[in-house]
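Using the supplied hints, reconstruct the complex from the two chains, each of which is provided in its own coordinate frame.
Now for the letters of each chain:
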Amino acid sequence: MSECTLAEDNAGRFTAKTLHGPGGSGGVAPPGGPLLELSGVTMRFGGVTAIDDLSLKIPPQKVVGLIGPNGAGKTTVFNVVTGFYQPQEGRLEFEGQPLAGLPPQKICALGIARTFQNIRLFAGGTVLDNVMVGCHVRRKARWWMAPLCLPVFLREEKSIKEKSYALLERVGLARAAREKANSLPYGAQRRLEIARALATEPSFLLLDEPAAGMNPQESEDLMHFIAKIREEFNLSILMIEHDMKVVMGVCSHIWVLDYGRLIAEGGPEEIRNNPWVITAYLGRPAEGGPHSA
Amino acid sequence: MKAANPSPISEPHALRNRLSTLGSAALLFLGIWWAGHNLDGYQTRLLNLVAVNAILALSLNFIYGFSGMFSLGHAGFMAIGAYVSALCILTPAQKEMIWLLEPIYEPLAEFMTPFVVSVFLGGLAAALTSLVIALPVMRLGGDYLGIATLGFAEIIRVLFTNLAPITNGAIGLRGIPPYADAWWNYAWLLATLFVILSLLKSNFGNVLKSIRDDEIAARTMGIDTTAYRTMAFCVGGFFAGVGGALMGSLVTTIEPKMFNFQYTFNILLIVVAGGLGSVTGSVVGAAVITILLEWLRIIEYPMDFGFIRIPGIPGMRMVIFSVVLMLIIIFRREGLLGNREFSWNAFYDFFGSLKKRPDVHLGHLLRFLRLVKKLLAGGQP
Chain A
1 MSECTLAEDN AGRFTAKTLH GPGGSGGVAP PGGPLLELSG VTMRFGGVTA IDDLSLKIPP
61 QKVVGLIGPN GAGKTTVFNV VTGFYQPQEG RLEFEGQPLA GLPPQKICAL GIARTFQNIR
121 LFAGGTVLDN VMVGCHVRRK ARWWMAPLCL PVFLREEKSI KEKSYALLER VGLARAAREK
181 ANSLPYGAQR RLEIARALAT EPSFLLLDEP AAGMNPQESE DLMHFIAKIR EEFNLSILMI
241 EHDMKVVMGV CSHIWVLDYG RLIAEGGPEE IRNNPWVITA YLGRPAEGGP HSA
Chain B
294 MKAANPSPIS EPHALRNRLS TLGSAALLFL GIWWAGHNLD GYQTRLLNLV AVNAILALSL
354 NFIYGFSGMF SLGHAGFMAI GAYVSALCIL TPAQKEMIWL LEPIYEPLAE FMTPFVVSVF
414 LGGLAAALTS LVIALPVMRL GGDYLGIATL GFAEIIRVLF TNLAPITNGA IGLRGIPPYA
474 DAWWNYAWLL ATLFVILSLL KSNFGNVLKS IRDDEIAART MGIDTTAYRT MAFCVGGFFA
534 GVGGALMGSL VTTIEPKMFN FQYTFNILLI VVAGGLGSVT GSVVGAAVIT ILLEWLRIIE
594 YPMDFGFIRI PGIPGMRMVI FSVVLMLIII FRREGLLGNR EFSWNAFYDF FGSLKKRPDV
654 HLGHLLRFLR LVKKLLAGGQ P
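Chains as they are written, first to last, in the numbering used here: chain A, 1 to 293; chain B, 294 to 674.
Okay, chain B solo, but in the shape it has when bound (with noise of 0.2 Å):
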């Protein structure tokens, strides 16, 4: 009775999983190199612009639909990794340049660090400042909380504007050295992904799920409800801070007024749309709504129907882009994948029965396929 049988608690087919997640990780590095001696400059752009959303989504997912906050602070997080990145990977001749109307803070003029901790620190950086915010903020539950860390990333935006001798004011920097290649964004993603499924799949995920679920009934549990969520709220801000790094180096230009309100909502649209509580559906709904925003771009140039003509709206997508979103709200609440999760037992049990009833699933595949086919080529204009 007591010693109880193991089976129900290990994961099946442990092995298996584990390999297969190998697997297609080098499977997704094959895929980048093969993208890399293929794919032209805007493609490549795209697959990149893929990744770094996903880190930003993944990131937001963590605070919002994993811990139950809502912070609508994201564009704050991510122009302190992009400054603070930047700021390291400029070189010395470069901050004399850009620096013309104010001159630099004397201490960063020569600060120089490689890419890969630049990153980490622009991370750290937002994940310190995040940890400041959490004190007060983390009193404030629901729409307060919004509104506080709303408020928070307008500050950050005012102050970058104003501190001229470290941020260049409102002229941004520019020539920021394009590091963040195909390889550097997909590498950060996994290890993103790595550290947010670690965490959510162990206790302490189920910890962080049951402050969102019942903070009441969490504290019951001996749970400091305030302490995990200022430590959700520091990795969610470590990730976004990571994404905002690797996003100022793919664009090679930053100023205040990129990160304002409206890049927040592209990332908490991406986290709506995938699901919320879904690492899955951040993943595929910063695939699925990059790609798509770009292929949406082809309403924006103008179309001859013979019978009519409409001249080009510039802006039209993201009115087709909000009404989806809208009819994504009223139908499909939950999101693409509500809180569900890709599971290699899952994917194996679709191939096992794809084996006795092939017709059926075939349908399916190819019906997917030729989406994502008819996605991808929809997206050159």
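With the rest of the complex left out, here is chain A (with noise of 0.2 Å):
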């Protein structure tokens, strides 16, 4: 039901109820409210308008995508939940509460992890340290503490880096806990940002583009590892991705971006077979030539 008022919100080029018809199968109602909520999200950098009156609701425990031909606006999307850009008309509420204004080191201590599309690990750091760094904002010790060795600082300390070691233990790089971050192979360092993003205890947490340069023996593996931790740790994740396998393999629920607007929604089956989609990424067809839909 809330898919409907999502698709009336949406004026504009393709001012469309496309999104679900008679038969199209919601699934998403979440009980007791959405984990996030962006209601008439508007986002202009000058004259480009990068998001244009978004609307959608994260239900919570799912993981669900967002897609989108490049330039639609989909990073911007995560740069405005994280509180990096502040939009210009719309609200945002996270778990009831509303997000504007907040930066991003307060955004990230209600529970909001993220990762980034070129991955930005600590390269100075260890593996171990990077996972670390994740922990510091659930950490309640200060910094004067240190040179004190106060117990509590130094108890802190320990159980940081049993933490950070178990997390390290769960996405298969305890064995690198020693090596430079930047050392890793391609893939583990995927991982190791979303071991990072875990450590601060989200319970939602956005993906920028994780199968982005993996081979299909590597996002096969994402796949699963992605279905596993939104299992075990409990929370919700939204990617944006490419690879449709990816997309269409672990997200129950999609959101089709296109200029900044969001053109289409639903399960990975309805999508495959939206028009408008079809349209966004191919192109419209040619005057009476084939069109497969």
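Just so you know, these hints were derived from the structure itself, not from any lab.
Please read these numbers as outputs of a predicted model, since none were measured by experiment.
Among the hints, erroneous ones may be present.
The calculated label-pair distances, taken between Cβ atoms and stated as ranges, are [claimed, not checked]:
hint: 1; chain 1: B; residue 1: L620; chain 2: A; residue 2: A123; range: 23 to 31 Å
hint: 2; chain 1: B; residue 1: S636; chain 2: A; residue 2: C149; range: 15 to 23 Å
hint: 3; chain 1: A; residue 1: E232; chain 2: B; residue 2: L315; range: 42 to 50 Å
hint: 4; chain 1: A; residue 1: P151; chain 2: B; residue 2: M405; range: 48 to 56 Å
Derived DSS-like pairs (lysine-lysine); straight-line CA-CA distance at most 27 Å [stated by the list, open to error]:
hint: 5; chain 1: A; residue 1: K62; chain 2: A; residue 2: K163
hint: 6; chain 1: A; residue 1: K106; chain 2: B; residue 2: K494
hint: 7; chain 1: A; residue 1: K228; chain 2: A; residue 2: K163
hint: 8; chain 1: A; residue 1: K158; chain 2: B; residue 2: K494
hint: 9; chain 1: A; residue 1: K158; chain 2: A; residue 2: K140
hint: 10; chain 1: A; residue 1: K163; chain 2: B; residue 2: K494
hint: 11; chain 1: A; residue 1: K140; chain 2: B; residue 2: K667
hint: 12; chain 1: A; residue 1: K106; chain 2: A; residue 2: K163
hint: 13; chain 1: A; residue 1: K180; chain 2: B; residue 2: K494
We treat Cβ as the ideally placed atom computed from N, Cα and C, and that holds for glycine.
So this is what it looks like as structure tokens:
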């Protein structure tokens, strides 16, 4: 039911309730409200409207996807949700709390973590150091306790190390704990970035093109990995991804952006067959040309 | 699976290494005791300069090397530390004699504290000043921060030249009690090392390095980057103030002109040559460069090679030194140690392998010792 309103909110080039026909499989109606809700979010950079009146509801405990052609504004959505951009219009609510005006570090403390399209690890540190940095946001000791060797600080230091190491074990990187983060192979760096995000104890994780640059086997592994962490860490995952096999494989619900507008949403099957999505990706069929929908 | 094997996260041989650290600290003080009885005034002076320069280099490395803030305001922090501490240790009688042109600001005339408190207050004053500067300056990054902090140091210098009731103006302060002997200097060096290492080895060190490596990722990880950069700036400022306070008491005369950009540059040189982001590098760099600078004085004396006579050229050592620096930057940009650190495990591993291949390593060791001996001996005119 929530999908219908979303469709109606979308005026513009693709004004259409193409999204959910009568047979549209809902299946996302969340019990007890959405985890994250965007309503009417608009983000402009000068004359360019990167996100245009976007409304969506992220259900709790699900893996969902955000797709669209290059430049559609997907990463901008991530930057708005994580507080790097402040949208000109619209509201963002996370677990019922408005996010407007909060800086990225506060948003992380609320339980939203993310990874980056171009991996951003702390190159100077070891694999373990990277995950430990993620644990920082939940720590209680203050920096001046370190030189004083207060027991509360020492205990917390130890627990951060243990927690980080346990996390590395769960993502299968424990053997590389002492290695330099940027010496890891590409796929492992992706997993490390996810582990670092998990260390902040999020209830909502945003993955920006986690399968970029991976071969079919690696992206296959990644799919299982994402499904596994969703299960084990009991969180919601929103991913941007171009690899349709991955998106269709793990996402229970998908939103499609084009030129900053939501053009479609629904389950993987609907999206695959949605003519608007096909148009957005492949262009309009030639007049009278063959069109396989 | 969940119960992590504790061995990978706890440092191996922790007890042995801790004892080694304590042992070497004891050895250091034994060395100072020996030096007090056997070294002449010049050599003792050199030894003291090494300690003070090491404190200054550590504080700058904490700001620049570990937290990634290019700060050129070190001379300013030093000046604040030196003046505040000097004002605290000068006796009322001395103050009456020094402030001739303009009388001293009344409340300061009788104010006196013990040396250790004075140095601490010097550091505290520098830290508070850096906090005030941090507020507007922390939003700048990279070179802009360098320019802003450089401007700050100049402001301090000009202020101190004109605040005669407090600083005695351009004449400066003379006859500062020479309390800063090797004991005090090395005790403060150890304290600096302890504070900076305990911060860097904790997760707060990881946080600072993460801000240096990638500020956006650090903010995403929930780190208040402005707060932590300010913290690093203030801790660095504190120890710069401490170094300045010790330096003031060591040279017994301070004037605003002394704390010009040249001073910041010398410290920066130690940090870069020793290795940005290496505590070991700063200490080793301070020792090597301080001694080398003295050793190079030979070049400034007239030399007679028999067939050619070179008259003494004052300032020649700075030329040579600059050339050396250029060579370091061209051929070894990461400095002597890069961002590597001394570790007891590596130390013991080295001696473990020494047992297996004594011939090779002993050769290295002897060559190194000979070099150290030469450097130390060469320092004497």
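* Asked: Which earlier hints turn out false for this structure, listed by number in ascending order?
  -> 4 and 11
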